[in-house]
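Student: If you want the building blocks of each chain, they are given just below.
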Amino acid sequence: MGWVNAIIQGVLTGGLYALFACGLSLMFGVMKVVNLAHGDLAVVAGYVAIGVITVTHIPVLWSFLIVVPLMALLGYVLQRTIIQGALDRSVLITLLVTFGLSVVIENGLLQFFSANSRAIGTGLSLVSGSFTLGSQIQIGYLLVVIFAVAVVVLLGLQYFLSRSRYGRLIRAVADDREAAQLAGADYRHVFGIAAALAFGTVALAGIAYGMYSQLSPTTGTDTILLFAFAAVVIGGLGSLWGTLLGGVVLGVAQQIGAQINISDEVLAGYIVFLAVLVLRPQGLISRRAQS
Amino acid sequence: MTGPGNGATGPGNGDRPDNGPPLLEVCDLVVHHGQLRALDGISLRVFPGEVYAIIGANGAGKSTLLRTVAGLHRPTAGSVRFDGQEVTRLRPELRARQGVVMVPEGRRLFGSLSVEENLLVGDSYARPGPWTIERVYEMFGWMRERRNQLTAQLSGGEQQTVAIGRALVANPRVLLLDELSLGLAPVVVQRIYGMLPQILATGLTVLLVEQDVSQALRVASHIHCLLEGRTTLESRPADVTADQVEAAYFGLAGTASASPPGEGGEP
Ligand SMILES: Nc1ncnc2c1ncn2[C@@H]1O[C@H](COP(=O)(O)OP(=O)(O)O)[C@@H](O)[C@H]1O
Ligand SMILES: [Mg+2]
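Top line first, the protein sequences correspond to chains D and Z. Taken in order, the first sequence gives residues 1 to 291; the numbers are from our numbering. Taken in order, the second sequence gives residues 292 to 558; the numbers are from our numbering.
Source of the hints: derived by calculation from the structure; they are not laboratory data. A portion of the hints provided could be inaccurate.
[To be verified] If you want a taste of the chain D side facing chain Z, the calculated C-beta under 8 Å gives, among others: (1) L169; (2) R171; (3) A172; (4) Q181.
[Said to hold, decoys possible] Label-pair restraints from in silico Cβ distances: (5) Y141/D / M430/Z: 54 to 60 Å; (6) P59/D / D374/Z: 56 to 62 Å; (7) S446/Z / I139/D: 52 to 58 Å; (8) A119/D / P419/Z: 51 to 57 Å.
We put the CB at the ideal spot given by N, CA and C, even for glycine.
With the rest of the complex left out, here is chain Z (with noise of 0.2 Å):
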């Protein structure tokens, strides 16, 4: 794991801009999956330009949070405010259409169809902007080359790549990726947030799930960590110890985020 002292490499390492609104607000957020309370009263705040990472272990609540954000699951409580407006109500097709794309856990391709028709998918319901299908194969000079296959004759990076793709033709505002890293190798995982620096730089905002700390902390410029349902820590990669993030992450005692290195006894 690196030090997160010097993480911070992203952009948006200064200061957070408390000047302007946040283009993303999320206040006591409560959801239930059944009996479940698998999000316990969550509140964040995404500026416009940020790299906002939420990291916590398996089962922590980060893609219910997500998912939440995106509409596909309805809170139980709480707000979801998208550049000023209450779009807690608002169905996932909407918020998409708005500028609010996820790419899902998994990826989620479609399977019967071609690498493009998936793309063409993307772009269905895309708002005007600098993406267009043209620019994702200039990106990714393969995937053209590759168009007419179907996606399940793709590598693991490969699939995550056009999931991001056909996020990226809809011309998000901001951009919600579900743990990119999920079943890749290392090489692979570096090479996907690679390209994080060129997508930033069309001017979307990217609020990320990652359970691979490490990498969370080099690309975000805040980061959230959950456990259980709750936050345990809320700061700047650049100033939290790596023995704070274990402690917050694994629920260790004195999980605030101002309290030294935690000693590791039981919760």
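Isolated chain D, as found in the complex (with noise of 0.2 Å):
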């Protein structure tokens, strides 16, 4: 009973860690840009919520309609200035200046907020609670949420690149940045799109982090940024719907590790995440397979 609990956990938790990818995974497959700034913006992301919250009163849940469009602009803003600056010099480059970005967000929150973590408190009966399943299995509504936002977010996404105008750019970008611009295309405002679509889904990731567990100014790095990567590198480099099976492969391996000893639970998700690095470095979905 114990295992069908675990399986059912690990693959809830793989819808949160799909949110925590697919950012990361857009950015990487229409820019060439491995954002390790990825996680530490989720964390602000979940800072600023609490700080929405807080200010304005309004319900918890609908604190995204704000932090999401204020994360998307960011991330236009930010893509438009230092990220297409390192992108002129190197693909090379973008990894320091995101990996500078990470340490001076990391230090600033530490700096204002403390190194203690904080929750975004719910304070919803149906957000922290849980149901049973038979005698044992208790679900909480929470993941269930959480898994739910994932999918309709991998949903919208894909229907956005496939049928808008812009999707369609953002995929035709990808291929061919020339060819894109011989057809009109000013590439660095697509990519500004891409990178406004990524930090949208960055917002999501660190507020239902925030709801699910707690935000530490540490938290980006040492979980959301590592867990990101993992399920990215599983699912598949720059496959939508491989972030989602990605997290699913990774939630499930360390549940299934804290089953057999709970301090290997982290350890179990990343064995795996070699295995597959390994074994199958193109992921377990390869991006031409997907459409």
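Assemble the dimeric complex from its two separately framed chains, guided by the hints.
Tutor: The structure is reproduced here in structure tokens:
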């Protein structure tokens, strides 16, 4: 019974990890940027959500209506300024620049908010409650909601990318930047839009994690970024649905690890991550296979 | 190789239109790739309705010239003017929106997009004009039937046609064509160049690059031969002999356009 529970919990946690991962995957897939500040930006979004809730007293669940557009705007601006500036020099420089951004954000958060961790208190029984399956399996509503949000986000991203004018341009620019320019597309603007989408998902990731667990200034790198990386690599670089598959595999591996020995939870996830990296470096879903 | 004397069957085989300003004007263009001087003082003028062909051997600088006109390379010196406006420093996407649209060498279709999506991208910043996706489908019936396929599933000739269609739906004023014949069977090349009159009939101007000289002579109203980044010949096809073209193309002795057919000493 414990195993079934572990798998169910693992699958649901996979939704959260997919939220962590899809923005990272999008930024890499479109502009070949590995955003090392990805997790820290999610933490920033979580802190902003806490601030917004405190100041405006809006219902916690609706805070995303403010935080997501704010983060999307930040994504556009960061992409058009420092990230594009780094890209113009080399892809390697983007690693250094986003690493620098990560360090700055983390230290900024420490400076202003101290090292204490904080949670986004939902205060809602719907979210903090759970239901039981059978006799021993207890499922938290929150994880179910987060999983559903992840699926909706992935569906929305896929719909946008495959159907909208800008989605098409994003794919075109990812394929061949120069050819897109010859068709009149300003690839910098298109990159900016892709970054805005990615940062929107980063905001949701930060808020979701703040509700599920706790945020501290270092959560961004020691948890969110690492799990996002693992999910992206397991699922397949640049594949959107791969992030859900990768998240689920990571989540299940962690839960099974915890089942064996509680201290093996995180380790088990990384072992699967390494195994995929060695045995199937293109990930479980390779990008070409997805359409 | 067909004799250039009777080769100019395309439109504009009469006098060069000296009345009216050129649509495209390149002056003393110098372009470097790193240390390499790929173009060294190239000038040309393309008048409305012309088919202006750049010929030259592999590595002569033809693509560099076309890409610089499209805005993909920044020249070290010289200028590019389009419709009387200086565009030398204008970004390629803005040139495309003004009507300078290129079909790049090697087609460069968007590999993860379907045929129709490739056309839709071409249409994204289109100027108003006669060309629509519908019109492209009317011209190439097969394309409508295969519009949902990925372009990798098409033959080379079909891919080249999609690349041309993607450029046409933007309604260019000057269409830049870089080696349409590359990697295609002669019969397919014939078919693709056979579309040119229909395209010209909609009022656009063509600047093309071609390594296949006989093909260029057949369709062009004006030819311009490059050799190692320099002009070796500029003429109407009717005014040069095959030997003169050959001499200019390969850089044989006495390549000046006025010189008699060369005897082929080392340069
Ligand atoms: N991006 C580039 N970087 C460095 N050298 C280049 C580049 N593009 C072209 N070249 C060089 O410039 C010269 C002219 O090339 P190109 O314009 O492609 O010639 P063509 O189209 O006539 O074959 C060649 O020597 C080629 O190797
Ligand atoms: Mg070339």
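Student: Taking the numbered hints from earlier one at a time, note which ones the structure violates and give those numbers from smallest to largest.
Tutor: none
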